[in-house]
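Chemist: In case you want the letters, here they are:
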Amino acid sequence: MSDSEKPLATETPLYGLIAEYDNPTALVHAARKVRDAGFRRWDTYTPFPIHGIEKDMGIRMTRLPWLVLGFALTGMAVATYFQYWTNSVDYRWIISGKPFWSWPANVPIIFEMTILFSAFAAIGGMLFLNNLPLPAHPLDLKERFRRVTDDKFFLVIEASDPKFDERDTRGLLAATNPVVLDDVLEDRVTSDRIPAPLIYTLVILGAVSLIPFAFIAKARAAKTTEGRVHVVWDMDFTPAYKAQEGNPLFGDQRSMRTPPEGTVALGQLHDDEHLYTGKVGDEWASSFPESLALSEATMERGKQQFGIYCTPCHGQLGDGNGIVHQRASKLKQGWVPPSDLHQTYIKEQPAGQIFGAITNGVRNMPAYGPQISAEDRWAIVLYLRALQKSQSASVNDLTDAERAQLQ
Amino acid sequence: MADQHHSKSDSHGGHDAAPKLTDSIRLSGADLSLSKTAFAVGVVGIGGAIALGGGLFGKQFQHSYLTAFMWALSITLGALFWVTLQHLVNARWSIVVRRLGEFLAQGVVLLALLAIPLLIPVLQHNDTLFRWLNHDTIHGISSKTAYLNPSFFLGRMVFYFAYFALMATFWLKKSREQEKGGGEELTRSLQGKAAPAMIVFALSVTFCAIDFLMTLDPMWFSTIFGVYYFSTCVLTFHSVLALFAMWLQKKGHLTSAITTEHYHDIGKMMFAFTAFWTYIGFSQFMLIWYANIPEETAWFRDRLEGNWLSATLVLAAAHFVIPFFGMMSREIKRNKTTLGFWAVWILVICWFDMYWLVAPNLHKGGMAIGLVDILAWVGVAGLLLGFVLSKAKDTNLIPTGDPRLGRSLTFQNI
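Chains as they are written, first to last, in my numbering: chain X, 1 to 407; chain G, 408 to 821.
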């Protein structure tokens with residue numbers, strides 16, 4: 001359809017006036033005139049960005065940055081509050097003995113949420129402030145306007161502008177020496193509705209996206225006798241046999257194999273009963289095993305191992321006030337406090353019995369036999385003896401010289 | 408920023424014709440007298456610091472001097488990085504201020520000489536500054552001697568400064584050759600040379616920062632440390648660049664060549680690297696805090712106990728929160744007064760950052776900024792200023808021979 005054919009011209013209202021120019025300089029001069037005439041509802045259209053034309057058009061700085069800043073701070077606050085609430089209000093859990101709300105760990109999430117909210121605000125705000133998406137525009141019907149993507153420059157003043165007067169405005173534009181000056185009529189041909197297939201697609205996608213939430217809601221409300229749903233099958237059921245599982249490959253159906261008759265694995269010959277069990281015969285040994293050197297080095301080793309394995313619960317002093325105990329008692333979940341190792345009944349236990357407690361565990365203290373070597377467990381017992389002594393030493397334990405120094 | 412140039416076709420109005428440069432582009436004798444004053448201030452400052460800081464090899468002086476030295480070095484290395492970068496990415500916006508970066512990069516030659524008082528003790532196995540020189544005091548240090556030994560250390564230092572000085576000299580020399588003709592072809596060849604130069608530079612800056620700053624606490628290690636120092640380099644350099652340009656314009660040079668648009672871009676770099684410094688600094692902190700490994704956490708523990716905790720919080724606020732929100736607005740970067748304010752702010756806080764890296768080595772118990780720290784800082788800054796200005800003598804303040812100059816003169820931000 002060419003511009004000269006205007007089948008609906010008599011009934012279709014005027015959208016605005018369009019002026020066409022050959023070069024950017026002419027457009028910029030025209031823009032300055034339109035700006036100075038005080039028009040508000042008008043725009044320029046060019047094949048490429050013209051730097052500085054916003055000044056020639058009198059366009060003020062966009063408010064988008066404030067919108068982005070507002071959303072960024074909102075994202076920051078949401079991420080901070082959500083992590084604070086989950087970690088230290090809703091689901092408190094001790095991790096590595098750190099405080100419930102360990103903010104440094106939250107910073108990456110806060111950072112990401114700040115960026116995410118900013119990006120949404122920037123994209124969404126840009127679309128909103130530009131009145132996008134715009135399915136149809138009267139200029140789309142202008143045959144000549146297509147060259148805006150090639151080599152022509154246009155200026156359009158809308159008829160809805162309060163300053164618009166068909167004759168005067170036409171005169172103003174004519175004075176800018178456009179190549180073509182023409183009417184733009186309202187678009188009564190193209191529908192400005194969003195295309196129906198697009199709406200159907202969005203509705204269907206919206207409905208489908210609710211399905212997972214429906215499953216979650218059902219699972220929270222209803223009870224079932226069926227097992228949990230296994231989404232990733234081969235991660236839930238690995239081919240490896242578990243220790244106590246039956247195994248059809250062997251005659252005795254056991255997965256755990258015993259060593260062949262009469263053999264011992266390398267380094268597993270535990271023939272020193274005193275060293276490996278803490279017992280002599282059926283009684284707890286009251287002495288340290290002979291192979292253990294009762295030296296300064298063993299004491300240091302014991303101190304180090306005690307520091308690694310025992311202090312989290314029993315504390316540096318062995319008084320049962322370790323960091324795990326301190327944090328766990330705040331949770332008030334029926335925490336059984338670790339023993340004070342200076343209680344008389346523990347001090348009176350033979351060395352072998354303490355060794356046995358470390359090896360096999362006591363009450364809710366787990367067995368440390370599999371983790372700490374027998375020599376190191378004895379070293380811990382040795383250090384514990386020194387620790388016990390240190391917490392209940394009397395003046396009589398001092399040498400004469402030391403006593404003299406105190407006095 | 409390099410892509411925000413004017414392409415010929417998108418210009419309008421009077422921008423199409425290559426503009427004529429009518430500005431003053433040489434420093435006058437009166438301007439150069441500042442060079443002598445700065446040298447004098449430098450000598451007095453350093454002299455005072457030596458006198459009050461227990462002599463040239465005194466513990467206090469060595470630490471104060473290292474702080475000031477690393478601060479000054481960051482400016483010149485930032486300049487070296489920036490000049491190389493402009494060649495590498497064929498940047499157009501920056502041509503009008505590139506020569507200023509080339510002058511600032513010359514400072515590395517002076518700093519090579521100023522490094523000598525820090526290196527003589529290494530030669531003498533004197534552990535005043537670098538405790539790794541004394542194997543008796545640090546448990547486990549012997550496993551690091553393959554890297555931390557005086558001869559290899561000094562060898563590396565010679566390499567770094569020889570390379571930095573070579574780069575600084577090369578870029579200024581070639582930039583002046585552009586003025587004698589050579590134009591497009593010479594300019595293109597410099598882009599090719601910038602790529603390998605940048606790779607060696609990146610490694611040199613990383614290890615230079617490790618050697619001067621990280622080895623102060625020889626059992627501590629952080630793989631991101633070189634990048635941390637690099638962020639300071641970019642920050643201090645752009646701040647000095649902005650102030651340098653403002654000073655020149657106040658003295659009547661380059662008055663129309665450097666516009667709000669160029670200041671805006673310099674301001675963007677200052678703003679961006681404020682966030683970058685935080686990103687790197689926090690990444691370093693968070694991983695060490697989370698892993699909680701004794702030999703790593705010890706370094707932060709030194710900086711989080713006693714009044715060092717306040718110092719760390721001040722650093723976080725004054726190096727990130729305040730300038731980040733302060734420089735966020737476009738108008739602030741486009742206004743010389745506000746941009747100048749933030750440039751000075753960044754230079755001060757970056758010195759404090761260097762102090763925060765060095766001084767806990769000396770004052771374990773608590774921060775104590777003294778007169779020696781200030782004198783050494785003023786002294787090194789004075790010498791650097793005097794040296795850079797003297798290098799600008801009899802040289803154009805703008806690379807008039809660069810084929811991209813016209814684009815830079817008409818540069819506009821979107």
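No lab work stands behind these hints, which were simulated from the structure alone. It is possible that part of the hints are untrue.
Under the rule of at most 25 Å between Cα atoms (straight-line distance), these lysine-lysine pairs were calculated in the PhoX-like manner [to be verified]:
no., chain 1, residue 1, chain 2, residue 2
1, G, K580, X, K55
2, G, K657, G, K743
3, G, K657, G, K427
4, G, K587, G, K743
5, X, K55, G, K743
6, G, K580, G, K743
Chemist: The structure should be examined with respect to each hint, and the outcome stated for every one.
Modeler: Consistency of the hints with the structure:
1. G:K580 - X:K55: Violated, because 41 Å separates the two Cα atoms, which is more than 25 Å.
2. G:K657 - G:K743: 11 Å, holds
3. G:K657 - G:K427: 21 Å, holds
4. G:K587 - G:K743: 34 Å, violated
5. X:K55 - G:K743: The given pair, whose Cα atoms are some 21 Å apart, holds under the 25 Å limit.
6. G:K580 - G:K743: Given pair G:K580, G:K743 is violated - Cα atoms ~31 Å apart, limit 25 Å.
In this structure, the earlier hints numbered 1, 4 and 6 are contradicted, and the remaining ones agree with it.
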